[in-house]
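Asks: In order, the protein sequence lines correspond to chains A and B. Everything in the first sequence is counted per our numbering, starting at 49 for the first residue and increasing by one. Everything in the second sequence is counted per our numbering, starting at 49 for the first residue and increasing by one.
These are calculated hints, taken from the structure and not from any lab test. Careful, some of the hints might be misleading.
No copy is singled out in the list; a pair is fine if it fits within one copy or between any two copies.
DSBU-like, lysine-lysine: derived pairs with alpha carbons at most 30 Å apart [as the list claims (entries may be wrong)]: (1) 146 <-> 326; (2) 92 <-> 178; (3) 344 <-> 226; (4) 226 <-> 212; (5) 179 <-> 378; (6) 205 <-> 50; (7) 178 <-> 205; (8) 208 <-> 241; (9) 346 <-> 226; (10) 50 <-> 212.
Number of protein chains: 2
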Amino acid sequence: MKNDLLLRVARGERTERPPVWLMRQAGRILPQYREIRSRLSGFKELVETPELACEVTIQPVDELDVDAAIIFSDILVVPEAMGLTYEMIEARGPVFPKVIECLADIENLIPAADAAENLHYVYDAVALTKKELNGRVPLLGFAGAPFTIMAYMVEGKGSKTFSKAKQMLYREPEMAHKLLNAITETTIAYLLKKVAAGADLIQIFDSWAGVLSADDFQTFSLPYIQRIAAALQPLVPVTIFAKDAFHSLPEIAAANCNVVGLGWTIPVAWGRAQMGEKQVVQGNLDPCVLYSELPKVKELTNNMLKAFGPHHIANLGHGVYPDTPLDAVKCFVDTVKEFRY
Amino acid sequence: MKNDLLLRVARGERTERPPVWLMRQAGRILPQYREIRSRLSGFKELVETPELACEVTIQPVDELDVDAAIIFSDILVVPEAMGLTYEMIEARGPVFPKVIECLADIENLIPAADAAENLHYVYDAVALTKKELNGRVPLLGFAGAPFTIMAYMVEGKGSKTFSKAKQMLYREPEMAHKLLNAITETTIAYLLKKVAAGADLIQIFDSWAGVLSADDFQTFSLPYIQRIAAALQPLVPVTIFAKDAFHSLPEIAAANCNVVGLGWTIPVAWGRAQMGEKQVVQGNLDPCVLYSELPKVKELTNNMLKAFGPHHIANLGHGVYPDTPLDAVKCFVDTVKEFRY
């Protein structure tokens, strides 16, 4: 591989500068993406067509010169492969016409091995992208954490509180564990195939970890993430990004993971102190910093890099917002690439 | 006052049990509220009619036997009094047809003293409720923190990220401070009149503090909250509830406040360790616990009370969700009232 900086850092090596990529770097910030997207029926056509997914995955590598590509896909392909189809509604987000309401709904889900077979379009996209990248940068794969996936499967759509999904944790904890277990098994089968197809690192997104108390996170979310990470770690490094789970950083670091993703509300020094200087971390510039004038983008990026020091993968603390100016994104990437420890 | 338990705890006294109330206790959880609401044109009619606001404020004292009433109102009456009217759209939330976009928009806002004069219906509701309560329990007043109010005034509606409001912090920090300053002055004038009308304690809600990094919270939010608290504290105790600002608990405690409100994601022992055993805290049961069977509601409430120990005002870690079963709310209140240190 020509540029394996990110993988070396993920495995604990010291390097002369941090690698850099952005969550949601393949997407609406790029005119090339918007051009392709405008020709298609919808978001899912892009996700489900390997040639198109490959093309938009490589766009940010060409345009931004980032140190990694991340396969263009969606965390919701997993519940769909398990039998719950979703629709992606413009400006509103995902909606599941059918949701999980009782034990029978869980028992009727497609079993792990078969569900993973339903996701060939993802493995094809990974294999094609791996070939097209031709070793320029690592190719990252990802999945949602079981709790986050469960939240959508029960709630049926995004929510500020996910109170319907959380109702199951409190009223039917055994049912919740049964569902979490089914999601975990499918996710493991899926990610092993994704790695076999060529993914060089896997990131687990627990996007809704922040709605859980520390106890509930450690009961209903982290143990399942840990099982997934354990299944993958002999093969590839694993990043866990449990957004807003500030209360459980040492537990996350201990859960078979190589890299801990940090949201922008975690103060760098505080996060470091929770996990030690040697823990590899990823993040965590506030995505809104990229609305600033360029000298300020540069200044705040440099401040973050200095605060983290080595064992750091530079990124934002959340996916880049779609209306972020491209020149600010480029300024962020270039600032990291010019930085030296 | 017949039951001044909450005020004694807020001022630092040790008592034999914690006082209890619930954020949003006057609202859709009560059949009496739903009955009144069904007869009205909308939410704002309730807020703006002192007799009705008084009636729904007292309902939870009658029905739940809580240790405090909180005046039925909305944090958005302040921006409205400053010149930005809002509409409350069912199942969607508040919408401001006009928003703050430039310096002239800020200069055109109604000045503090005049804006505070526009809120007579609130003072009338407070005075009437105070009279009707006849000393049964303290009457709490509240306002939004300036950053939260600013977020609505710039964004024009609720948002997961408030990225448009935050854009102003990064691109036009001086304009943001100008707006925050105007909101602060109006809020102080408003709250002084609310206290004069009879409010016994004031709670400041920074509902959107969680979208800010620690640095930004301490630059754009906390100093303004601190100014408000300083203006009120000679008169009444002040509670600051900056939801999700886990990174700044010691700073919040030091900001002229009597009581620090905690969301449910703050582990009790950790929160206590940040601020010391003597700091009065309020919270923090996960509102979703009230979806549990009653024995579990009781168990988890008792666990929370034991974990906090004295110098604690029992509450949820967020406003009670509208679909919470009334028997679970009663079980929560009764459990606290039976508890002894």
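Asks: Each of the hints needs a verdict: does it hold here or not?
Replies: Going through the hints against the structure:
1. Neither within a single protomer nor between protomers do residue 146 and residue 326 lie at most 30 Å apart by alpha-carbon distance, with minima of 45 Å and 50 Å respectively.
2. Proximity of residue 92 and residue 178 under a CA criterion of 30 Å is satisfied intra-copy only: 21 Å inside one chain copy versus 57 Å between copies.
3. For the homomeric pair residue 344 and residue 226, the shortest alpha-carbon distance between copies (20 Å) is at most 30 Å, but the shortest distance inside one copy (49 Å) is not.
4. For a Cα distance limit of 30 Å, the shortest separation of residue 226 from residue 212 inside one copy, 17 Å, qualifies, whereas the shortest one across copies, 40 Å, does not.
5. In this homomeric assembly, residue 179 and residue 378 come within 30 Å of each other (Cα to Cα) only inside a single copy, at 26 Å, whereas the closest approach across copies is 62 Å.
6. Proximity of residue 205 to residue 50 under the C-alpha cut-off of 30 Å is found in neither arrangement, the shortest distances being 41 Å within a copy and 47 Å between copies.
7. Proximity of residue 178 to residue 205 under the C-alpha cut-off of 30 Å is found in neither arrangement, the shortest distances being 32 Å within a copy and 43 Å between copies.
8. Taking the shortest alpha-carbon separations for residue 208 and residue 241, neither the intra-copy value of 33 Å nor the inter-copy value of 34 Å comes in at or below 30 Å.
9. When the C-alpha separation of residue 346 and residue 226 is checked against a cutoff of 30 Å, the pair qualifies only between copies, where the shortest distance is 25 Å, while the shortest distance within a copy is 47 Å.
10. In the homo-oligomer, the alpha carbons of residue 50 and residue 212 never lie at most 30 Å apart, since the shortest distance is 47 Å inside one protomer and 39 Å across protomers.
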